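K.L.:
For the record, the sequence lines run as chains A and B.
Just so you know, this note's numbering puts 107 at position 107 of the first sequence, and the rest follows in order with no gaps.
One gets this note's numbering by counting positions in the second sequence from 1 and adding 1000 to each.
Some hints could be false.
[To be verified] Pair by pair, the computed Cβ-Cβ distance ranges are: (1) 21(A) to 1129(B): 43 to 49 Å; (2) 1162(B) to 39(A): 44 to 50 Å; (3) 31(A) to 1011(B): 49 to 55 Å; (4) 69(A) to 1114(B): 36 to 42 Å; (5) 69(A) to 1185(B): 48 to 54 Å; (6) 1091(B) to 97(A): 55 to 61 Å; (7) 105(A) to 1008(B): 39 to 45 Å; (8) 73(A) to 1113(B): 22 to 28 Å; (9) 1022(B) to 57(A): 16 to 22 Å; (10) 95(A) to 1090(B): 56 to 62 Å.
[Stated by the list, open to error] Below, a list of computed lysine-lysine pairs in the BS3-like style, where the Cα atoms sit at most 27 Å apart: (11) 21(A) to 1090(B); (12) 1090(B) to 1015(B); (13) 21(A) to 1175(B); (14) 1090(B) to 1176(B); (15) 1121(B) to 1184(B).
[What the hints assert, rightly or not] Computed footprint of chain B on chain A; a stretch qualifies when at least three of its residues, placed anywhere within it, have a C-beta under 8 Å from a C-beta of chain B: (16) 1-15; (17) 33-47; (18) 93-99.
Simulated from the structure, these hints should not be mistaken for lab results.
Every value quoted in this text rests on a predicted model; they were computed, and no experiment measured them.
Glycine residues also receive a C-beta, built at the ideal position from the N, C-alpha and C atoms.
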Amino acid sequence: MNCEQVQQQLELLFGSSDLPKDILAHVEECSACRAFNDELAELGGRFQNDTGLELSEIEIERAVANVAARIEPRDERRLSPRWLTGLSRVAAALFIVTISYGAYTIGQQQASDDWTSAVSTGQQTGDNLVYIETDEEAQMDNELVTVLIQDFSSGRSFDAGETLLGDITVEEMEYLVENMNVGELL
Amino acid sequence: MTRFNEDELQRLVKKATGGDREAFSAIVRQMMQPITALTYRMTGDRDTALDLAQETFVTAWQNLAGFRGEASFASWMYRIATNKTLNHIKAAQRHSAIEQSEISEQTSAISGNPEREFARKELATDVAAFMTTLPPAQRAIFELRFYREMTFEEIATAVDRAVGTVKTGYREAVKKLRVFAREKEWHS
Ligand SMILES: [Zn+2]
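For reference, chain B alone in the conformation it holds in the complex:
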């Protein structure tokens, strides 16, 4: 998972807060992948995920002075990304259902063993399909806990919910995953 070098980030953040745009670009370069991964898990759409990630960074630049360092910078960034994505989903609720045919084309194509490539795409489709069974905020919790290995406290900051709510949300997601697996007849 992506653990950021917080000291290095803080140094860049300090510079960026003073108006250093190159320092900010360095932050964007470091965090674009994980932020886009989160917005993708929540939306299931590659282009939308990229747009939302870029919006997240523009908003972050405009509000850098508001980052007081109480939480980690990464949590602060995830918070902006989560809020933006939740707002986007709310605004486009009628179109939020992800088409299965689209999902298979969403993830990046890595050339290599065709069999392994097929399995990889199939898994990506399954994970994306599972994500649609979760409410958007729970998708964020699942991504940040399972794939980013953040603590529940960090996630609580990132999704702007109480720690207890985050824990309950994660447990619910795991329960839904077991149901999903049974429907897929994954268990032997």
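In isolation and in its complexed conformation, chain A is listed as follows:
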């Protein structure tokens, strides 16, 4: 290593306390590089004493509070704790199943009653359409429920609970939790 290379290395090492062996060996032998190293060491020593900007504990805490006041929660819609969201999803899915099954059963019953009535009064023409629609609607309800249940069990974000609970308020959620028997649900 020649003097120029050594001095380049010394510039890069400015501020380091330990010099590599080969540099140290050269510096000990070469008066020019030794003078160069001494000059840098003196400058480094002087500048090391500068502590820079020091913040007091109070300033740090004030800054921490300022930052905290300025950062937004990541997802404002998420209601913690997490189990609450899960529970509401279960509730919503069961709610849909119950309502749909009820509607389906009533629909079937009504169709059957109307059919019996129609047969007995002889008013078959045209009225059959009504019965078919009722059946189709019930079928659609059933399919919707199946889709919602699948969504729910696959844990997709677009699921029954999420859809139904999109507009629910915190108060309503609290009421739901307070008045719901988790054991019954599960």
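Since chain A is already given, all that's left is putting chain B with the ligand on it; use the hints.
P.N.:
Coordinates of chain B with the ligand only, in the frame set by chain A:
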């Protein structure tokens, strides 16, 4: 120098990424001093440095998901701080010259021996004056290398420059320091 407990930081970062604001405040508390030290070296103004440091943390919170852990979290934070400060300096270039009279009032006052206090303030003024002789990015390199003892690789990440550029920048800063010292007639 401030070496961060990266494991502890990573743990807090993971929590903060999940939306834990208290974990993020713990990060802010740990890193406010060194981040402000950097923004202060680059701007020479205490209030501006504090503002920029706080801006840095707000930006970090908004972009936490973008931190993938390729570099250390500290380097990532320094990078945001450096970018913010460089942008600030660019925007306010006409006002970037630091008034000598201001510098002496910038650093925190530590009571004690008046003679030592005078020397401390004088040195702080000299260092701040030297910083004004460097381009802003070189100020960041000097602070991170000389005062934070970061490796050139870490600094390269922090200032978003190639390692070679960082090394050249540091050597240039040292050359300028020797010139500055000669002008100050520091050498015997
Ligand atoms: Zn030599």
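K.L.:
For every hint, state whether the structure bears it out.
P.N.:
Here is how each hint holds up against the structure:
no.	hint	verdict
1	21(A) to 1129(B): 43 to 49 Å	36 Å, violated
2	1162(B) to 39(A): 44 to 50 Å	29 Å, violated
3	31(A) to 1011(B): 49 to 55 Å	53 Å, holds
4	69(A) to 1114(B): 36 to 42 Å	39 Å, holds
5	69(A) to 1185(B): 48 to 54 Å	49 Å, holds
6	1091(B) to 97(A): 55 to 61 Å	60 Å, holds
7	105(A) to 1008(B): 39 to 45 Å	60 Å, violated
8	73(A) to 1113(B): 22 to 28 Å	49 Å, violated
9	1022(B) to 57(A): 16 to 22 Å	18 Å, holds
10	95(A) to 1090(B): 56 to 62 Å	58 Å, holds
11	21(A) to 1090(B)	43 Å, violated
12	1090(B) to 1015(B)	35 Å, violated
13	21(A) to 1175(B)	23 Å, holds
14	1090(B) to 1176(B)	22 Å, holds
15	1121(B) to 1184(B)	16 Å, holds
16	1-15	holds (count 5)
17	33-47	holds (count 7)
18	93-99	violated (count 0)
Hints 1, 2, 7, 8, 11, 12 and 18 from the list above are not met by this structure, while the remaining hints are.
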